[in-house]
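Residue numbers (full-length UniProt numbering), protein chains in the order written: chain S, 1 to 79; chain F, 1 to 79.
Check the hints yourself; a few may be wrong.
No copy is singled out in the list; a pair is fine if it fits within one copy or between any two copies.
[Claimed, not checked] With a Cα cut of at most 20 Å, we get these calculated SDA-like pairs of lysine to any residue:
id, residue 1, residue 2
1, Lys10, Gly35
2, Lys10, Leu25
3, Lys73, His23
4, Lys40, Arg51
5, Lys73, Val41
6, Lys2, Val70
7, Lys10, Gly26
8, Lys10, Ser49
9, Lys40, Ile7
10, Lys73, Arg4
11, Lys40, Gly18
12, Lys10, Lys40
13, Lys10, Val70
Bear in mind the hints are in silico, worked out from the structure with no lab data behind them.
2 protein chains.
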Amino acid sequence: MKARVTIMLKDGVLDPQGEAIRHALGGLGFGGVEGVRQGKVIELDLAGSDRAAAETEVAKMCESLLANTVIEKYSVEIL
Amino acid sequence: MKARVTIMLKDGVLDPQGEAIRHALGGLGFGGVEGVRQGKVIELDLAGSDRAAAETEVAKMCESLLANTVIEKYSVEIL
């Protein structure tokens, strides 16, 4: 079973990396880009086939290792 | 309009960051994690409302700046 975790900075937390991308896109002539936020995506190959259990387990992984929940939000998707 | 770009290393390209996460999860007692790949996600706020045009534009951004297409693959999603 595969799980995908998407981790983004919370709204309101400054994202200098996203800002740098926005600036670079402007420099390359891409107009109309009003905002950019960059985050991480982590794809996990999991043993087992219980989707609900997997979702709980992956949420625990996020809380304890994958995300910094002070400044980041995460979402879990079981594929 | 929002677009989400997901950038992952191509299959077969070594992902030391993902490997480090897998190792750390094992150390924290999370069994059953058979593989981990880490990638980037970039969320763009775009002006305009033509979805097809936006998708083409974002694909061009990926080719010219966001992704290193030698070792990375990307997917574009218009939200």
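Structure-based check of each hint:
1. Lys10 <-> Gly35: within (14 Å within a copy, 27 Å between copies)
2. Lys10 <-> Leu25: Intra 23 Å, inter 24 Å, cutoff 20 Å: neither.
3. Lys73 <-> His23: So Lys73 and His23 fail the 20 Å test inside a copy (24 Å) and across (23 Å) alike.
4. Lys40 <-> Arg51: neither (22 Å within a copy, 24 Å between copies)
5. Lys73 <-> Val41: Answer is both: 12 Å inside a copy and 13 Å across each meet the 20 Å cutoff.
6. Lys2 <-> Val70: Neither way: Lys2 and Val70 sit 26 Å apart in one copy and 25 Å across, limit 20 Å.
7. Lys10 <-> Gly26: Classified as neither; 24 Å inside a copy, 27 Å across copies.
8. Lys10 <-> Ser49: Intra 31 Å, inter 26 Å, cutoff 20 Å: neither.
9. Lys40 <-> Ile7: both (5 Å within a copy, 9 Å between copies)
10. Lys73 <-> Arg4: both (14 Å within a copy, 16 Å between copies)
11. Lys40 <-> Gly18: Close inside one copy (12 Å) and across copies (11 Å); limit 20 Å.
12. Lys10 <-> Lys40: both (13 Å within a copy, 16 Å between copies)
13. Lys10 <-> Val70: The answer is within: 9 Å in one copy meets 20 Å, while 31 Å across copies does not.
Checked against the numbered hints listed earlier, the structure breaks hints 2, 3, 4, 6, 7, 8; every other hint is satisfied.
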